[in-house]
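Peer 1: Residue strings, one per chain:
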Amino acid sequence: DTGVSQDPRHKITKRGQNVTFRCDPISEHNRLYWYRQTLGQGPEFLTYFQNEAQLEKSRLLSDRFSAERPKGSFSTLEIQRTEQGDSAMYLCASSPDNTDTQYFGPGTRLTVL
Amino acid sequence: DAKTTQPPSMDCAEGRAANLPCNHSTISGNEYVYWYRQIHSQGPQYIIHGLKNNETNEMASLIITEDRKSSTLILPHATLRDTAVYYCIVSHYNAGNNRKLIWGLGTSLAVNP
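Protein chains in written order, with this note's numbering: chain C, 1 to 113; chain P, 1001 to 1113.
Only chain C is shown next, with the shape it has when bound in the complex:
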């Protein structure tokens, strides 16, 4: 399968703990996006990478959130000191340079107890 992959698929953590999610984009896709989706809502944009450069961050991305894409391939999204309000599906998408079409992974569902 050469689609976007995300790991883990599910994460349950206690409030105050740190969590890290990984996204592996489609090979040769230079653009990578992170979104957050809560129940009944559409995905909300969090951040965007062009290769290893983080070009845009949403105001939703508080200081507790950090994303990296160190070698321009896979990306990680870390949430520090998790809160119950962080419970959501975290989606990753990638796209090639010549199109806006984004291809999504299956998501990581985070539950903060």
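These are calculated hints, taken from the structure and not from any lab test. Every residue, glycine too, gets a C-beta built ideally from N, C-alpha and C. Wrong hints could be hidden among the right ones.
To give a feel for the contact side, a few chain C residues facing chain P, derived at Cβ under 8 Å [stated by the list, open to error]: (1) N30; (2) Y33; (3) Q41; (4) G42; (5) F45; (6) L60; (7) F65; (8) F74; (9) A88; (10) D100; (11) Q102; (12) Y103; (13) G105; (14) P106; (15) G107.
Anything over 12 Å on all C-beta distances counts as not near chain C; from chain P, calculated [claimed, not checked]: (16) P1007; (17) R1016; (18) E1031; (19) S1041; (20) K1052; (21) N1053; (22) T1056; (23) E1058; (24) T1065; (25) S1070; (26) R1081; (27) K1100; (28) P1113.
Derived Cβ-Cβ restraints for the label pairs, each shown as a range [as the list claims (entries may be wrong)]: (29) Q1042/P to N51/C: 24 to 34 Å; (30) T99/C to I1074/P: 19 to 29 Å; (31) P8/C to T1065/P: 42 to 52 Å.
Assemble the complex: chain C is given as a structure, and chain P must be docked to it using the hints.
Peer 2: Structure of chain P alone, referenced to chain C:
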């Protein structure tokens, strides 16, 4: 930001065509219309996109009005597996010419046997 308006829900009989409308009256000349769908608890799936001409692929047809203020996604022979939330999105360019998709609430399509 260009925004879209969709009916919150629709029903369709299995085997019949499903016509999903979308209004995007503030769309700019260089912004594309994208359609994605999301089956429960999965990542969004790309369906089709267009600028001003009608488009067709193996999944669906996209009809865009001449003034580009609205569009219709057509699933020609809906099956039970087409039950999903369908999102109509306009690609958005920010001041830095970075592109992202602004998602609304979508239309929840129920295909009934």
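Peer 1: E1031/P clear of chain C by more than 12 Å, beta carbon to beta carbon?
Peer 2: Violated, because the least Cβ-Cβ distance between E1031/P and chain C comes to about 9 Å, which does not exceed 12 Å.
Peer 1: Would the non-interface assignment of K1100/P survive a Cβ cutoff of 12 Å against chain C?
Peer 2: violated, 5 Å
Peer 1: Does the nearest C-beta of chain P fall within a distance shorter than 8 Å of the C-beta of Y103/C?
Peer 2: Because about 6 Å separates Y103/C from the closest Cβ in chain P, which is inside the 8 Å limit, the hint holds.
Peer 1: Is the Cβ of T1065/P farther than 12 Å from every Cβ of chain C?
Peer 2: holds, 21 Å
Peer 1: Take a quick look at K1052/P and tell me if its Cβ sits farther than 12 Å from every Cβ on chain C, holds or violated.
Peer 2: Holds, since 15 Å exceeds 12 Å.
Peer 1: So, as I understand it, the hint says Y33/C touches chain P; can you test that by seeing if any CB pair is closer than 8 Å?
Peer 2: holds, 7 Å
Peer 1: Identify whether the interface hint at F74/C stands, where standing means a beta carbon of chain P within less than 8 Å of its own.
Peer 2: violated, 17 Å
Peer 1: At the C-beta level, are T99/C and I1074/P separated by a distance inside 19 to 29 Å?
Peer 2: holds, 22 Å
Peer 1: P1007/P: least C-beta distance to chain C exceeds 12 Å?
Peer 2: Holds, because the least Cβ-Cβ distance between P1007/P and chain C comes to about 15 Å, which exceeds 12 Å.
Peer 1: Against the range 42 to 52 Å, how does the distance between the Cβ atoms of P8/C and T1065/P compare: consistent or not?
Peer 2: Check passed, 44 Å falls within 42 to 52 Å.
Peer 1: Let me know if the C-beta of Q102/C comes in closer than 8 Å to any C-beta of chain P, holds or violated.
Peer 2: Given a least distance of 6 Å, the restraint on Q102/C holds.
Peer 1: Classify the label on R1016/P as holds or violated, using whether its beta-carbon is more than 12 Å from each beta-carbon of chain C.
Peer 2: At about 26 Å from chain C, R1016/P clears the 12 Å cut-off, so the statement holds.
Checked against the numbered hints given earlier, this structure breaks hints 1, 6, 7, 8, 9, 18, 19, 27; the rest are met.
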